[in-house]
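Enquirer: All chains, please: the whole structure from these sequences, using the hints.
There are 2 protein chains.
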Amino acid sequence: MTLSVDKPLLRALHGERATRPPVWLMRQAGRYLPEYRRLRARAGSFLQLCYSPDFAVDVTLQPIRRFGFDAAILFSDILVVPHALGSDVRFVEGEGPRLTPLAGEADLGRLSSERLHEHLAPVYATLRGVARELPDEVALIGFAGAPWTLACYMVDGGGSKEFAATRTMARAAPELFARLIDLLTAAVTDYLVAQVEAGAEALQLFDSWANVLPADERRRWCIEPIGRIVRAVRKNVPDVPLIGFPRGIGPAYAEFASATGVDGLGLDTSIDPLWAAEALPPSKVPCLQGNLDPLALVAGGTSMLQSADRILEAWAGRPFVFNLGHGVLPQTEPENVALLVEHLKSRTK
Amino acid sequence: MTLSVDKPLLRALHGERATRPPVWLMRQAGRYLPEYRRLRARAGSFLQLCYSPDFAVDVTLQPIRRFGFDAAILFSDILVVPHALGSDVRFVEGEGPRLTPLAGEADLGRLSSERLHEHLAPVYATLRGVARELPDEVALIGFAGAPWTLACYMVDGGGSKEFAATRTMARAAPELFARLIDLLTAAVTDYLVAQVEAGAEALQLFDSWANVLPADERRRWCIEPIGRIVRAVRKNVPDVPLIGFPRGIGPAYAEFASATGVDGLGLDTSIDPLWAAEALPPSKVPCLQGNLDPLALVAGGTSMLQSADRILEAWAGRPFVFNLGHGVLPQTEPENVALLVEHLKSRTK
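Protein chains in written order, with the numbering used here: chain D, 778 to 1126; chain V, 778 to 1126.
No lab work stands behind these hints, which were simulated from the structure alone. Predicted, not measured: the structure shown is a model, and the values here were computed from it. You may find that some hints are simply not true.
No copy is singled out in the list; a pair is fine if it fits within one copy or between any two copies.
[To be verified] Straight-line C-alpha distance at most 25 Å; calculated SDA-like pairs for lysine to any residue: (1) Lys938 to Pro1111; (2) Lys938 to Tyr813; (3) Lys938 to Arg867; (4) Lys1012 to Ala1036; (5) Lys1122 to Asp993; (6) Lys1012 to Ala898; (7) Lys938 to Gly1104; (8) Lys1122 to Gly1104; (9) Lys1122 to Gln825; (10) Lys1061 to Gly936; (11) Lys938 to Leu1106.
Expert: Following this line, the structure appears as structure tokens:
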């Protein structure tokens, strides 16, 4: 693997200030794009699509062709890892993912990482396919769900407001729950390293449900396992930057950054960019990423550009990657995205 | 109105340190109590119950009788204010509230605060009834939803993950949305003052959806209106402490406290009590309130008591009210609540 530091995204993640911030958007490939909806209409279930390299390569590249982002992110889903471990994962149209809830020791015993790479081979094929077609200056981002967030879906059996089943297991049976987290930590590490071997040049860990935990449990179930993943991935593929996105953890972003040692820190919409500039300086984390309100992108126009400028001004003195604070919403007009990217690319400071 | 500073809750909210922290729990009256479920089975719709003083007085007092909390909180719902202004509010069993979405100028024009107090008279009757029966040392807390959170329910027409309709209106039609927020700000102010006249001795403002907004909009739609309410209520009923609970705003709790001037600051589960001890000292806010994980209360036993002790230790040097970081969950065992209260009352430091 050779390090391509000529790519603006990688430069920023390595802590270099740039003449303009690199930009990509979470869920930049997806339902808001008519070319995605056309492909999607012909294909099968959502999970089948994640395992269809032809489809996934095309969809990953769609927003690069249309908007000229600085990075492509693998089109896939965080639940391919539980699926590869033996969880029963279905996507119910309009309802989100459904899994058979993992309730105890016996269910945990049925999970195995033995066939992880065999199961995920189509994902690696997608990465190889994208890497072949990507313009030279565009970086390829791989990703995985963080252990805590994956465990939430596995134990609660799907999305939830409280993840009460998961949090009850974590409190009532911490040894059992630790075994699940350890299994996921190892699987996610192997998966990320394999993604790099297939062409990923940067990696993002999504801890979407980090916000439901109190401080002590957040330390144990989110921060500590992610720190282990960062260290293990770095040992295997030393120069590949890792971005952590522990959504909704507020002031604990500072602790997360120092304790995990991530290169990039994804900030959610609720974080004031001015607070982040002060509390998360380059000495604490090489690169910030975020955090435009996805609703600003829905609104478009001057209101969107003003919101973007507030981020650009707050972070002008430091390396950062421009992104949203959460994923692109399906009702977003593609022309708003084009206007945003044009605006960002016209900046030269 | 005479101020009863002999009550531990009021002392704490006025910034006095106590030998033990006063305690009450959000949703301390409700479905987890068998005596509540028995009464609830006989009665009508949820909103009808909020307007039935006999029922509401009894339900408000149930947890006081059983556990000996330091405060009773009015049994009601934040949506009685939109209802009193003319919104169509229904509670669908198992689905939560449904409102006819407020979509534009014409819908806003149909709302009126003319019959606010007439509509809410049963709530005031409930407060008078509770005040008569409450033990001398127990304080009575009134409450309202904050304007932003009420607007979310009114414009989106119910609960939501994103509140996309509300946030789109706030961005696309800020003048119209400001009129809605102003109407709610005035109505909430009048409602809170009337609650004090009916017997409430402290007031809490719930801004449950403050977490969905970016910093600049949070300032405009959450913090600024709450500041106006605090100042107006204080002008009318000077010595009644106000508690703000802007859920999920993370580091912005500090800005919220200074900008609104609340007496008490309710912290959600995600906030590290140690961070709060440092970032929110008594010079910034007289009293903290929170923030035990409701799942700790579900788990009970040693794990719950250890989590409680972490809060007690972090805040030992300052005035605070012990509470949860969110409401009591329906699956909570009442005996866990009894154990927690006993534990807190046995502390003398």
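Enquirer: Now, for every hint given, state plainly whether the structure supports it.
Expert: Quick rundown of the hints versus the structure:
| no. | hint | result |
| --- | --- | --- |
| 1 | Lys938 to Pro1111 | between (30 Å within a copy, 22 Å between copies) |
| 2 | Lys938 to Tyr813 | between (29 Å within a copy, 24 Å between copies) |
| 3 | Lys938 to Arg867 | both (19 Å within a copy, 21 Å between copies) |
| 4 | Lys1012 to Ala1036 | within (17 Å within a copy, 47 Å between copies) |
| 5 | Lys1122 to Asp993 | between (42 Å within a copy, 24 Å between copies) |
| 6 | Lys1012 to Ala898 | within (22 Å within a copy, 68 Å between copies) |
| 7 | Lys938 to Gly1104 | both (18 Å within a copy, 13 Å between copies) |
| 8 | Lys1122 to Gly1104 | within (21 Å within a copy, 46 Å between copies) |
| 9 | Lys1122 to Gln825 | neither (36 Å within a copy, 57 Å between copies) |
| 10 | Lys1061 to Gly936 | neither (32 Å within a copy, 37 Å between copies) |
| 11 | Lys938 to Leu1106 | both (19 Å within a copy, 12 Å between copies) |
Consistency with the previously given hints fails for numbers 9 and 10, ordered from lowest to highest.
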